[in-house]
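Number of protein chains: 2
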Amino acid sequence: MLYELTVTQFTKMFHNLLSILDKANTFAESKKVDPEVLLNSRLAADQFPLVRQIQIACDTAKLGASRLTAKEAPSHADTEKTMSEVKARIESVISYLETLSAKDFDAAAERHITQPRWEGQYLTGHEYVVNHVIPNFYFHITTAYSILRHNGVEVGKKDYLGKMPYKK
Amino acid sequence: MLYELTVTQFTKMFHNLLSILDKANTFAESKKVDPEVLLNSRLAADQFPLVRQIQIACDTAKLGASRLTAKEAPSHADTEKTMSEVKARIESVISYLETLSAKDFDAAAERHITQPRWEGQYLTGHEYVVNHVIPNFYFHITTAYSILRHNGVEVGKKDYLGKMPYKK
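Chains as they are written, first to last, in my numbering: chain A, 1 to 168; chain B, 1 to 168.
Only true hints are included.
In this list, chains with the same sequence are indistinguishable; a pair is considered to hold if it fits within one copy or across any two.
Once the Cα atoms are required to be at most 27 Å apart in a straight line, the calculated BS3-like pairs of lysine-lysine come out as:
1) LYS71 with LYS167
2) LYS168 with LYS71
3) LYS12 with LYS23
4) LYS157 with LYS167
Quick caveat, the hints were computed from the structure, so don't treat them as lab data.
Please model the entire structure based on the sequences and the hints provided.
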């Protein structure tokens with residue numbers, strides 16, 4: 001379950017985000033503005049711009065999966081400036097997630113997870129996913145979407161959610 | 001697990017949202033504007049305003065839990081206009097979620113979930129939570145937060161996430 005909530009579903013959301021960024025690129029071309037204008041847009045002066053929202057979504061997924069499985073994640077220097085660099089960052093995290101299997105999550109629920117800023121305290125892997133990883137991940141994906149929508153990019157809920165595995 | 005991902009965690013997020021709305025009320029008073037100005041604010045002309053984002057977050061949690069457990073949910077007429085009416089709507093959904101127990105979710109993962117707009121197709125309860133309920137719920141909670149932050153209300157990530165169940 002933790003594998004599906006993180007690796008499987010976050011991979012899907014990253015593919016949705018890549019499609020949304022393609023729409024943003026097309027929008028920028030049609031308006032004759034540099035896509036970097038969008039990457040540097042924000043909803044509030046003291047909130048992170050689009051590029052940073054995407055970097056944090058990437059780190060939330062990557063470091064979340066890494067802490068849950070104790071499998072080392074690739075490091076990223078947060079130097080992305082162009083749309084293609086941002087897309088490459090997302091694709092790099094997708095590639096890392098693809099190296100993980102459900103089996104790697106066997107001990108994840110009970111694992112003690114900590115971060116430097118938690119000052120020695122911990123959450124179980126289960127608590128970490130429910131209380132921290134999921135709300136943080138969707139926060140940054142949704143904020144990225146909202147920054148683009150606020151700028152006029154024609155994206156809708158279906159772009160955000162992606163395809164549902166409907167059955168008949 | 002489905003119970004904790006929905007009932008427990010969504011209840012926590014609703015309490016966080018109630019605190020965020022208190023900050024919005026205080027902000028409106030300090031700016032001498034009616035809180036309804038905030039409730040009618042939006043990030044894009046063709047996106048729903050704050051009041052509707054909150055109504056949909058409420059419905060996502062309420063109908064999600066109801067479909068997963070086959071326990072009838074209270075109905076709401078979407079007529080909220082004032083901040084206190086919006087808060088009462090949230091509190092009504094919290095009260096409904098409190099009537100549900102983990103036991104009510106025993107058959108939830110395998111249950112076939114459908115909605116009129118899915119035209120006879122279904123998702124299993126498990127798929128429904130992972131692919132639909134969770135991303136939708138956090139989408140609307142985050143958008144509500146972003147509308148307020150965009151308007152200058154001083155809210156931060158901690159207001160959104162709430163307290164973590166840290167252990168030593």
